[in-house]
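Protein chains in written order, with our numbering: chain D, 1 to 377; chain A, 1001 to 1542.
Derived by calculation from the structure, the hints in this document are not laboratory data. The model shown is predicted, which means the values in this text are computed figures rather than measured ones. Note that beta-carbon positions come from the ideal geometry of N, C-alpha and C, so glycine has one too. One or more of the hints may lead you astray.
[As the list claims (entries may be wrong)] Derived pair list, reagent style DSBU-like, types lysine-lysine, alpha-carbon separation capped at 35 Å:
#	chain 1	residue 1	chain 2	residue 2
1	D	K22	D	K371
2	D	K371	A	K1408
3	D	K257	A	K1408
[What the hints assert, rightly or not] Here are some, though not all, of the chain A residues that point toward chain D, as calculated from beta-carbon distances under 8 Å:
#	residue
4	A1219
5	V1336
6	P1394
7	Y1397
8	S1401
9	A1402
10	G1405
11	V1406
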Amino acid sequence: MAPVTDTQSERIRRAISARIRKTREFVDQTDPAALAIVSVMALSLFGALVGFLAVSDWTILPFVAFLASSAVGWFRYQEETAYVISLMMTVSTILILGLIVVFIFRESIPVIRYESATVYGFTVPGLRMFIQPNWDAVSPPIRYSMVPMIHGTVMVTLIASAVAAPLGVSAALFLSEIAPAPVREVVKPGVEVLAGIPSIVYGFIGFTVLSPWASDQFQTTGQGSYLFVGIVVGLMALPTVVSVAEDALSSIPESMKSGSLALGTTDWQTMTSITLPAAFSGVSAAVLLGVGRAIGETMAATVMLRGVPRLTEPLVNVFYGMETLTSIIARNYGEADGLQMDALFVAGVILFVTVLAISVGAQYIEWRMHKRLGGEI
Amino acid sequence: MAGATQTGGELIEEETTETDAVAAGAVGLSAVLFALAVAALFERISLTGAIAGVRTVTLLGGLLTALGVAVVAFGVGSRFGYVRTDPDPSAGLVAGFGAAVPWVVIGGGVVSETLGLGPTIGVIGAVVAGGTAFAVTVLPREDVGSTLPLGSLLALIGLVFLTGVIGPEWVWELDWAQQASITAGFLVPTATLFSALYGGWASAKAYGGFGARGRHMGAYVLVYLNALSIIAFLFVLVAYVVVQGVPGLLNGAEFGFGTGPQTTILGVSVTLPVSVPFVMNGVALFNDFQGVLPAIVGTIWLVIGAVLLAVPLGVGAAVFLTEYAERGRFTQVVEVATNGLWSTPSIVFGLFGFAFLIPRFGNGKSLLSGMITLGFMLLPLVVITSREAMLSVPDEYRDASAALGVSKWQTIRSVVLPAALPGVVTGVILGVGRIAGETAPILLTMAGGTFVPGSQTVDVLGSFQFTSAPPFVANPALLEATSALPYQLYALISAGVGASSNVGDADAFRWATALILLIIVLSFYAIGIATRYYFRRRLRHT
């Protein structure tokens, strides 16, 4: 699904003072009884959240209080209740992101402390995970290096992007500019369905069909190669690229295209010299989001890789596939505990931060594009 | 053709038609080569064997050479005026880079490996070859530039195959610490594939007579081929799973009255007219046929739980964002957060559930944790699609309702939500299809057991009970680890062959599991897409 970008085109207009004024207006205009009910709802839900975070068995009480006050509010003061409930639901989306950040970071702290390294007399926590390539959870010295997994993720992502970007942008051009309506009605759902095929099914086919074939063709020892994981992951990231890039391409005003066509250019000339340059930032956001998908893809990588957290030799040896940041979590969560489990959380933190940065970057690019095109739509 | 006896102008027309036919034939030849290369890549045709009495590699080489010669001949013919075309002064930088890439690979490979001069001189060779190709493409007129480098590339590869320099037994051992080789089985089809693409591109340009129209043709051929390949890929993928999975799925299946198990529908005991043990049994020692019923039921409950959590939350948030909140920093933050959640890797959700939910629900993997984790994953999708649907409701609707003097919430409830319902429903169904197939989050939060006995089929509704100690309500079924189809498939893959001896044919069992999973997920998609079409058509009619 394409991220919503419409309001990003809006300029930031409201300052905090305006919001305070609005809140005061709301309080002034609202019936005191309704206000009381709404406050009870908010407080009890907050209590439930605190109880839940504190792992308390009594969480149920404030939660029931919330349900009861909402029920009362719904029948007596529906207007206010609906407003407050929808506000709480909105806040919950931010809250979930916040909780993810807090919890995965918190779990990863011990191993970051353990893997401190000293540089020029300064002790940098976690540095040793990135300056030596050794992951050994069993025999001393116990080391949890992220380097092999980062290498794996980079390899897979590069190959996947090389597959997904050109094919995806070309398919988006096809869908948005070239295809006649009946053809589009077939291809577009097809791309959607491609996004729907579960990653474990891709992985299973890769594992049973591609991996043995690749090992045979390239005469490697054992199965599992970054090359083919990358290709499979690229195909899985393809639908994301297609749908976001198509949105970007079709947001180009028709007037720009017809202006070009009226000069007597071919469709393709219009595409390459008007549509694609105008939609360039949106298309690159699409590719970025595809890259984000590729980085986070788990199951296909887990099933198809070898599960040995080591670097390939030489580093460019794409015919061997060891481990990625995602697959090491999926493979090792079962027997891991203590520091090793925390090390898996570090892998999760790296993934989360990278993909979040990509997502925010892509949104910024799209926002800028809409702002630029905004006057003409 | 018709104009042979008429004026000179039409004679030229006829000539052009013939050369057009040559170019069209070259495009067709490229298509044939493309198909042959794909078939060889999937080992549908054997490289060591023969097609129509000609050895496969020789045949590919011959066809490539012919295509290359045709392409070059067309370009050169156009340059010297034998063929009427409409070329630009230069083929352009994009075409230059396109032609340079294969020549870089060939130049580097030949100099460093075939001549044995090592990687350093190989780089020089690569740069020289690529640079020459780039220059020959960009500097001369377009008809030469867009045919000569590519045509000679095709002819070269064709001759290498034809003369047997690279035969079916050819192997290039990469001297790497971890042993790997490039074999003819990979190189020949791949080289043919890319050559066919280049050949098709060049000859489509030629068919269009170069210039703007030629580039249009060349690009359209590639773009159409790409779209076609994606659809073909999807079709092959699904067909392959179906073909592999059906035997396992129908293992022991019976049709006809009285064959199926007894079940109670609306209080009436009915004997189903079909019996498909694979979806009606668990795994047990004395079963005639083993099945995955617990995993199917687990998946269904998982989806129900996730939807119950995510849909109210998501739709509520969308209502607030579109209807109540003025666009400003707050909505922007929410949007960035939602989009961020949407792209967060599924395994990170799993880690989060592991750290956050598991300690709070009985310190073990549980169905409830899985439901909530998947609900969190579904949430951003529901918010995004519901917002899109609500934003597309015209403001006139809202104004008309407001003009009647009703309150804002009543407008939302009776005007905006009904109008946005189709979009929301479609989005939710498609989102459910996505999460139903997710493995990574439930791996860490919910799933346990590879072969689950039928007796462990989760029964959520029947397990609610009240307790005297807080939290007063308990549901053991929700707090137990259970299986779900995607996890089941993963467990079957990672368990290997030895562990699965109790299900008879383990391979058929796996493929059947994959098929069931695919059927469930794709039916969500089919329903979602069909709903969208239904509402869209209804909108158009009214």
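Interface hint status, A:V1336 versus chain D (Cβ within 8 Å) = This hint holds: A:V1336 lies near chain D, its Cβ roughly 6 Å from the closest one there, short of 8 Å.
With 8 Å as the cut and Cβ atoms as the points, is A:P1394 at the interface with chain D?
-> violated, 14 Å
Starting from D:K257, check that the Cα of A:K1408 is at most 35 Å away, please.
-> violated, 40 Å
Quickly compare the C-alpha distance for D:K22 and D:K371 to 35 Å and report which way the hint goes.
-> holds, 28 Å
Classify the hint on A:Y1397 as holds or violated, based on whether any CB of chain D lies nearer than 8 Å to its CB.
-> violated, 18 Å
Identify whether the interface hint at A:A1402 stands, where standing means a beta carbon of chain D within less than 8 Å of its own.
-> violated, 14 Å
For the pair we were handed, D:K371 and A:K1408, check the Cα-Cα distance against 35 Å.
-> holds, 30 Å
Going by Cβ atoms only, is A:V1406 closer than 8 Å to chain D?
-> violated, 10 Å
Proposed interface contact between A:A1219 and chain D, which counts if any beta carbon pair is under 8 Å | At about 5 Å, which falls below the 8 Å cut-off, the nearest Cβ of chain D leaves the hint on A:A1219 intact, so it holds.
So, A:S1401 near chain D? Judge it on the closest CB pair being under 8 Å.
-> Since the shortest Cβ distance to chain D is 14 Å, the answer is violated.
Closer than 8 Å between Cβ atoms is the bar; does A:G1405 clear it against chain D? Give me holds or violated.
-> Where the cut-off is 8 Å and the nearest Cβ of chain D is about 14 Å from A:G1405, the hint is violated.
Of the numbered hints listed earlier, those contradicted by the structure are 3, 6, 7, 8, 9, 10 and 11.
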